[in-house]
Amino acid sequence: MSVLEAALPGPSPPPEQHAPPPDSRLVSSGRIRGMGTFLVALAAVMTFAFGLGVPSSDRATFILTAPPAVNVAPLTMSVRWVSIVLAVLCAAAGLWLVFRREQRASYLVFGAGFTLFLWSFLTWVARGAQLNFVQMLATTLISTTPLVFGSLSGIMCERSGVINIAIEGQFLAGAFLGAMIGSVTGDLWLGVLAGAVAGGLFGWLLAFLTLRYGIDQIIAGVVIVAFCTGLTTFLTEQVLTPDQATLNSPQTFAAIGIPLLDKIPIVGPVLFDQNVFVYLAAVLLVVVHVGLFRTRWGLRVRAVGEHPHAAETVGVHVISVRYRNVILGGAIAGIGGASFTIGSVGQFSPQMTAGLGYVALAAMIFGRWRPFGALGAALLFGFCVSLQSFLAVLNVGIPSPFLAMAPYVITIAVVSGLVGRVRPPAADGAPYRRE
Amino acid sequence: MRLELVGVTKRFGALVANDSVDLAVEPGEIHCLLGENGAGKSTLMNVLFGLLHADEGEIRIDGDAVTFADPGEAVRRGIGMVHQHFMLVPVFTVAENVVLGFEPTRRFGFLDHRKARADIRRLSAEFGLEVDPDATVEDLPVGVQQRVEILKALQRDARVLILDEPTAVLTPQEISALFEIMRSLGASGRSILFITHKLKEVLAVADRITVMRLGRVVGTTTPQESDESALAAMMVGRSVELVVQKGPANPGREVLRVRDLTVVDERGVVVVDHVDLEVRAGEIVALAGVQGNGQTEIVEALTGLRPLRGGSIELDGSEVAGSSPHEMIRAGVAHVPEDRQRDGLVLPMSVADNLVLDIQDSEPFARFGSRDLAAVRANAEQKLGDFDIRASSVDVAVATLSGGNQQKVVVARELSRPIKLLVASQPTRGLDVGSIEYVHRQIVAQRDRGVAVLIVSSELDEVLALGDRVVVMFRGRIMGVVDSSVDRDTIGLMMAGVVESRAATR
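First to last, the protein sequences are chains Z and L. The numbering of the first sequence is the numbering used here, which starts it at -1 and goes up by one. The numbering of the second sequence is the numbering used here, which starts it at 835 and goes up by one.
These are calculated hints, taken from the structure and not from any lab test. There may be inaccurate statements among the hints.
[Said to hold, decoys possible] Derived SDA-like pairs: lysine to any residue, alpha-carbon spacing no greater than 20 Å straight-line:
| # | chain 1 | residue 1 | chain 2 | residue 2 |
| --- | --- | --- | --- | --- |
| 1 | L | Lys949 | Z | Gly296 |
| 2 | L | Lys949 | Z | Gly289 |
| 3 | L | Lys1032 | L | Arg1047 |
Everything numeric in this text was worked out from a predicted model, so none of it was measured.
Turn these sequences into a full structure, and let the hints steer you where they fit.
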């Protein structure tokens, strides 16, 4: 027994010392109340604008079938009464949120309420006309696909601690090279591979600049986007356009129906009669999710993104993990880029990605750096794009530039209202230096 | 396993951090490495752990020379390290942290969580390291986080465990629990290298003690052959005063009066919970407690850096709650912040500029909205002498100064204007013994000049040496106010939230 211990009590069990900090995953009750109030407000809009605001004789017809699926009869509804019924349900959901403030189901209930609103809105839009609902969902999925690739790319990079703001550039590079190789060789799979290589190359460039030379990740990313934009535009004018037929006329992947599954009403044509990119995105989504959260690789990647020094001290090579992830992430974005050309349009044109790389980045953030979260945000955006194109056809009297803006505005409004403060990987964007 | 360092030298440019260091750790031994900050202890351990590479000398395990290219190799050779700043991923569970880098997997690299949990339970039971494998690390108190670090090393079958300043963040009770764990590890044949600058702890737990100074080993001894003052003299190179010289306090009028102060943190959690506090002119009140129990936030509220949720702060009878830091400075509040490098100094700026940060916009340092650089320099030249600040010139960046001299710059600035209240947070953290003496003397001098002094410290020794009254905090509340002659036990229990003092408030 020596000096210190003589003065100390024995090793009494250390008492519980700190109140556990509030769980950051849970939703604050203020936010839940906000969501509930919002739903009640929507219910009011539904009742008065979509319900009482239209003649009771107005009908809307939703077509619920598309080619491969078993035929389903169209659904014809009275706009007023459907809206009112939906409004009541939506208000109930809102009030439940306001008064119960249940933590767990809050997002689910909010999502359900918002869906009711969309349904009501669609019947109102389609009053006196027909709306092909299945087609609309299928379009949603197609618009969502590049965003899924983009946000998975972002997740791969940022989970390891490197911000990839260059997704837009990797999209363009993938779209360009995918179209060119697909066109020259006539083999679309080579086109996909070329897209991956192009994206991976610019992923490597980002990694090289930021990991080797410690250049600010945002600046390096922006420079890569500018470079890709300029390069693809230049090469299109100088190389592709003079020989359009050989160099820039790839085939596109046709939709592949999955036997039997594509016969399921509604779901079939939407999920199981799509092109290769949609399936590829779905597979990658699962692979990245399982990889990140269930495997040794994922544990190490997340450790590197959260606390690189800790990873280093247990023998994980921080720099190589980051190189690998950023290159892989670039390749995923490159495949997403290829989907713009050989997945749909069949031709590369300058700046055809229209800022979707940044939308993908936003989807990743709104999805809290989780693959399925990002999917949710991407789907919302995709749905708005799809909605916008249908509204343009239905001619609802809104000027088309405003309609084109809508997907961006709605996505920002809904998602930023829902998400609140998010916590990125702790070492995201921070250069790593060994001590 | 017998670990030996022979003639290890490590240079950083012109600086020799380790100069031909010899050290041997026998199996089952608790070996203390004692030295001041900057003596080269951490460098030596980083060399041993493969984070740095020695310029000369070698590491021997059971007589064989080994080299470690990276920490992974050191771990494979049976060396484990618990870093001063925990190397834990806060958002991971205990199990995930323990297995990271050494993961039990099933096919295709899938993590085997069941085996991870079982391993942790087995080791927990064997060494009395109780911890829930599924808890998220950031939710755990630091004492438990430290156990996770130890488990991490044990799971990799460490034979030599390096503990780098492990007691800095613990309560006295947690410290003695840690010592128990260290002894049981020693009994199992594992060796422990315990790095510290705290003399009492060394004497309490060590089998053998190696003292380092300025990168060299100055001697090896045992607790039986040595005592505190002998160790301190070895560590500093001259005999030092271990007690603060101060006369009895002579409290005057009430300068600071805090009522019902409530402060919330960024997440909206109440971190200061209806606190009442008063500090009189000519007395030092020490705010004690384990770090993170609201002391930082009280200080930030008092200095205008953090908004209040409720309550009042009166300075000499006038209400100052809600004032800006600027207004607080004007009202006569001096602040020596907890983290001098983050909050006390602008590191890339010169010593001269840092010395006038608080009043650079007023006479004589500025006139008609334009700075008077000559006055700034003249002021700095004088302060360098007055406060014994060692800098090659007043124009060098303050970042180039040693920790002790940086702190002296902060202290010099804060004490160079007329003040009523001095708020000093961890005033001697990371300083060498000489600088500690100096800072303590300055604080006592302010008290004797009639300034009301509030200090915050997580070092119990400092609290007891400096405080005339000691206020103990736990979870944002005041557990009690005691006289500084109270025994360490009582304060320790109060810091842990166990007993609430019934002692009179003053």
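key: Broken hints, by number   = none
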